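Chains A and B are the protein sequences, given in the same order. If you're matching positions, the first sequence starts at 1 in this note's numbering and goes up one per residue. If you're matching positions, the second sequence starts at 264 in this note's numbering and goes up one per residue.
The hints are simulated quantities; they were obtained by calculation from the structure and are not laboratory data. Please read all numbers here as calculations on a predicted model, not as lab measurements. Please note that the accuracy of each hint is not assured.
[Stated by the list, open to error] DSBU-like cross-link-like pairs, simulated, lysine-lysine; straight-line CA separation at most 35 angstroms:
1. A:Lys106 <-> B:Lys333
2. B:Lys470 <-> A:Lys106
3. B:Lys333 <-> A:Lys178
4. A:Lys178 <-> B:Lys470
5. A:Lys106 <-> A:Lys178
6. B:Lys333 <-> B:Lys470
7. A:Lys178 <-> A:Lys212
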Amino acid sequence: MEAIEQFAMPDASRRMPASRVIGAYWAEMRSECIRYLRAPGFMLPVMLFPTMFYLLFGIVMNHANGPDALRYLLASYGVFGVMSPGLFGFGVSLAAERDNGLLTLKRALPMPPGAYLLGKMLMAMLAAAVVIMLLLAMAVGLGHVPVSGGQALLLLVTGMLGVLPFCALGMFVGTLVKGQGAPGVLNLVYLPMSFLSGLWVPLPMLPSALQKLAPIWPSSHLHAIALRALGLSQDPISTHLLVLAGIGVLFGMLAARRLRRVG
Amino acid sequence: MEQPVATIASLAGAVKRYGALTALDGLDLMLHRGELLALLGPNGAGKSTAINLLLGLVRADAGRVSLFGKDPQDINARRRIGVMLQSAVLPGTLSVAELLRLTMSYYPAPRTLAETAEMAGIGDLLARRYAALSGGQQRRVQFAMALCGRPELLFLDEPTVGMDIDARRRLWAAIRRLVAEGCAVVLTTHYLEEAEALAQRVVVLAKGRVLSDGSVHALRSRVAQSRIRCVSDLDAAAIAAWPRVTSAIREDGRLEVCTEAAEAVVRRLLDADPALGELEVLRAGLAEAFTEITREESTEQEAA
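If we strip away everything but chain A, and leave its shape as in the complex, we get (with noise of 0.2 angstroms):
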């Protein structure tokens, strides 16, 4: 008899309502997103690069050739922008908790399963939305770049999507190097990928070999949306749509394989 109150007993009180459950995802994803905001270390670089870089070879450097030198820029460093609390804020992040063991403690509580990446998902989603708000409020009150209100919300709304199969991306590399070695890793990925896709020189100047090996990189086909939504290019953007979310799935799939097996 006391062996049903061992098990049984516990079970029916204990079982975890599901308001409870939305809650503990709730709280993961709050918490993720308080603690990134509040580190300097990690926001100032995500907002400053992008925004120094528009504000130097954009809008001082630039400002001859018109407004819509400006409005290419602007999508260009807004994609520059965005790749980067993806790869970082996952990648960084999940190689120093892979490595601290904060990640194997997370595993042994009993977190709901997921709320961990989903938290590291919505806080660069939102590091991506600061981003691209600070560009275009650079892009209309410094540049005086004419972007109506619907371009605006179509562009925010590309950077905040289009963060995630860079999400998936940093954190399949996340998986694969531990602690102190990822910034670097990252860094040869982000860097090199930016600038074969055209985001620091716009792709029809590059060597024409170069602008043919463009789509391998994400951030091209990103680019060609980010353009899309400014009204820069009307070309159909459904592959480019598929391609990104092809990429965030694969890298997601194989980086939560590897961290389910190797943890």
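Given chain A, work out where chain B should sit, using these hints.
Relative to chain A, chain B alone:
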């Protein structure tokens, strides 16, 4: 229901290999409701691996692992445990209260923040950022996170490392209080006096197997030796030849005699030297017993 009544977690014939290294070699271990079990063993004995299996962090290569009658990777089983790991770096930019609220959110019926803070003795730290705390304070916060979910089984891996004596004693008091409330505790520790102060049952592991399993008292009685210390001019070499004396040495001007018959030897010492002073008789503690057991094991291994 086929499980014995009071068993809440168990390893049965658990084998875990890491490459060529066998961390657990068919380990059997039962954890009982409301019991404080200390898991001891030299480094590499398999303590951490055993805990990691019970927490569902690693999978056994062979054997069965059960937590509240379920697979430890089942979140419903883990909702009934609390965990304090040996090393975990928590997010330093979060406050202690935020960390606790987050951990509490994982559990169906957690304690209140005030109750948790009171039990772990961190009421004055709640508003502080985790990174600003001292090492000992951080350990107390980790302990608070372990108990906040009102667990039925608490895993404490080296909980008092980095704590001063005062903090250690307060943590012991908190652990005793949890056990009194019916919470079972699995404790791994390098401090034998900690196991001695807290544990009802001590399991000694070596090379991935159980060497000894029993009460602190039973473990101590495996080593019948006592140590007699006194100030005396008697010749140590002569005493060493007395019957039932294991060894006698002179150290720092004091005579130190090891024997299994303390009463008889003390009587003879007092008779032999009326001027004998500062007499002390020490029973073998857990430390001696532990050394003895692990030494027996290694000599057996060499003989084999």
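Hint check against the structure, violated hint numbers in rising order:
Going through the list in order, the structure violates no hint and respects every one.
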